[in-house]
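Peer 1: Next come the chains, spelled out residue by residue.
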Amino acid sequence: RRPRLTPGRHRGGRAAVPQRHELAAMRAQPPKGASIVDRPLSKGRQEVSQSAFGYIFSEFIQYSLARSDTANDLETKLEEAGYAVGVRVLELVSFREGKPRRETRRLGALQNVRGPVWKSLFGKQADALEKVVDNDDEYHIIEQDPLVNQYVSVPPALANLNCAAYVAGIIRGVLCSGGFPAQVSAHTDSSPEGGGTRTIFLVKFAPEVIAREQARGLA
Amino acid sequence: AAARTHRAPTTAPARARPPASAQNFSPNAAKLKSNDQLMCASTLNGLALILKELSPVGGARPMAALEATSFTLAALDTATGLKFFVVAEPGTQGLDVVLRAAYVLYCDYVLKNPFYELDMPIHCDRFDARLGRLLADVPR
Numbered sequence: 003r004r005p006r007l008t009p010g011r012h013r014g015g016r017a018a019v020p021q022r023h024e025l026a027a028m029r030a031q032p033p034k035g036a037s038i039v040d041r042p043l044s045k046g047r048q049e050v051s052q053s054a055f056g057y058i059f060s061e062f063i064q065y066s067l068a069r070s071d072t073a074n075d076l077e078t079k080l081e082e083a084g085y086a087v088g089v090r091v092l093e094l095v096s097f098r099e100g101k102p103r104r105e106t107r108r109l110g111a112l113q114n115v116r117g118p119v120w121k122s123l124f125g126k127q128a129d130a131l132e133k134v135v136d137n138d139d140e141y142h143i144i145e146q147d148p149l150v151n152q153y154v155s156v157p158p159a160l161a162n163l164n165c166a167a168y169v170a171g172i173i174r175g176v177l178c179s180g181g182f183p184a185q186v187s188a189h190t191d192s193s194p195e196g197g198g199t200r201t202i203f204l205v206k207f208a209p210e211v212i213a214r215e216q217a218r219g220l221a
Numbered sequence: 523a524a525a526r527t528h529r530a531p532t533t534a535p536a537r538a539r540p541p542a543s544a545q546n547f548s549p550n551a552a553k554l555k556s557n558d559q560l561m562c563a564s565t566l567n568g569l570a571l572i573l574k575e576l577s578p579v580g581g582a583r584p585m586a587a588l589e590a591t592s593f594t595l596a597a598l599d600t601a602t603g604l605k606f607f608v609v610a611e612p613g614t615q616g617l618d619v620v621l622r623a624a625y626v627l628y629c630d631y632v633l634k635n636p637f638y639e640l641d642m643p644i645h646c647d648r649f650d651a652r653l654g655r656l657l658a659d660v661p662r
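Going down the list, the protein sequences come from chains A and B. The opening position of the first sequence corresponds to residue 3 in the working numbering, with each subsequent residue numbered one higher. The opening position of the second sequence corresponds to residue 523 in the working numbering, with each subsequent residue numbered one higher.
Bear in mind the hints are in silico, worked out from the structure with no lab data behind them. These numbers come from a predicted model, not from an experiment. One thing to keep in mind: the hints can contain errors.
Said to hold, decoys possible - Computed beta-carbon distance windows for the label pairs:
1. A:PHE62 - B:CYS629: 41 to 51 Å
2. A:TYR57 - B:ASP659: 20 to 30 Å
3. B:ASP659 - A:THR106: 49 to 59 Å
4. A:SER122 - B:LEU588: 32 to 42 Å
Said to hold, decoys possible - Listing some non-contacts, in silico: residues in chain A with all C-beta distances to chain B over 10 Å:
5. GLU61
6. PRO157
7. GLY198
8. GLU210
9. ARG214
Beta carbons are placed, not taken as given, at the ideal position from N, Cα and C, and that holds for glycine.
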C-alpha cells in the first residue's frame, strides 16, 4: 500500500524553500565578507590591566634583550615597536577627540602629545613640556614616573638603559605621522629631585619643520 | 621593630632552591654574611617541612610562626612553593600581614621585572625600596 502523505509536506521530509524563521536568522548575521573593520569604531574600554601590560612589556624586553648586543640596540628595538603604536594612536585619538582640524604648528603638535595622546595612553597628562633654550628645534617632555617603567628595575650593568624608549617611539610615531618628522629619545634624569625615575623625552624636530614654520612666519 | 627578612623559594616537598634574597632592616638584627644567610634559610625551610610531618593532628598546614624568648619568626607558604620568612623582635604583631604584603611586592616588582631571572638572587631596586617602606611601617 502506498504510504499516506501528510498535507503540506514534500516527499523526503524537509522543505526546499527556507522557512520564515530561517530567513530571519540569515538576516541577523553579517553579510559574507564582513570583518572587524566593517564594525563601527567603539569608544573602547577606558582601562587596561596594568599587570597584564607589565607582563607583556617585560616579556617583550626579554625577547629583544636576547636578540640585542648592546643597550642601545635594545633601546632601538623598543623605539621601533613604539613607533608602530604611535602611528595608530594618533589616528585613534584624533578620531575620538573629534577635532575638525589637524595640528599645523609644532607647538600645537607637542601640546597634542602632552594632552590628549598622553591621557588616552596613561590616563593623565604628561608632567611638563619645556622648550630647550639654546636650540630652536629641541623640546623636553618630562614624565616623573613613566607608567611603562613601573615594574622595571634596570640592573647596574645596563645603567644607561631606559625602557621608556618604547614611549619615545610612540611620541615619534605620533609626530612623524602627523607631519612633523622628529627624533625622540628617552633619558633618565639623574638629578635627586627626580627620585631616580624621572624621564626626559628629548624631541628634536627635523630642519624642514623649522624652515616650514619660519617660511609661514610662525617662528 | 627589628625585622630581618629571608626568602627561601622551594618546591614541595623535598628539593629546596637557594634563597633569593635576605636583607636586614634593622641595626639590631644579627649581621649575617650571605653564606650564613643561605644556611639559615635552608635550616628554616627544613624545619618547616619537619614540623609539617610532625603534627599529631592530620592535615596540618605548614609552619606559620615560631616564637622564642629572643625573637619571633613568621613564615608564609605560597601556592607556588615559595617561602617567606621574617624574624622580628619578640611580641611583634601583624607579621602575617607584612608577609602577605611582601608577597604582593614580590609578584609586582620582581616577577614583572624583565631583568630578573627566576631563582637568582633578587637585586631589584624598586623591590628593595618598596620593601624598606613596608617594613618601616611595621607597628612596634
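Peer 1: Each hint needs a verdict: does it hold in this structure or not?
Peer 2: Taking the hints in turn, this is what the structure says about them:
1. The given range of 41 to 51 Å is broken by PHE62 (chain A) and CYS629 (chain B), whose C-beta atoms sit roughly 19 Å from each other.
2. Taking 20 to 30 Å as the suggested C-beta distance range, the pair TYR57 (chain A) and ASP659 (chain B) conforms, at roughly 28 Å.
3. Taking the beta carbon of each, ASP659 (chain B) and THR106 (chain A) are about 52 Å apart, inside 49 to 59 Å as hinted.
4. Separation of SER122 (chain A) from LEU588 (chain B) is about 52 Å and departs from the stated range, judged on CB atoms against 32 to 42 Å.
5. Here GLU61 (chain A) does not stay apart from chain B, with its beta-carbon only about 7 Å from theirs, under the 10 Å limit.
6. Remark: the non-interface label on PRO157 (chain A) conflicts with the geometry, its nearest Cβ contact in chain B lying 5 Å away (cut-off 10 Å).
7. For GLY198 (chain A), the non-interface assignment is contradicted: its Cβ lies about 8 Å from the closest Cβ of chain B, within the 10 Å cut-off.
8. Separation of GLU210 (chain A) from chain B is adequate, the least Cβ-Cβ distance of about 37 Å exceeding the 10 Å criterion.
9. With a least beta-carbon separation of about 40 Å from chain B, ARG214 (chain A) lies farther than 10 Å from that chain, consistent with its non-interface assignment.
Hints 1, 4, 5, 6, 7, counting from the list given before, are not met by this structure.
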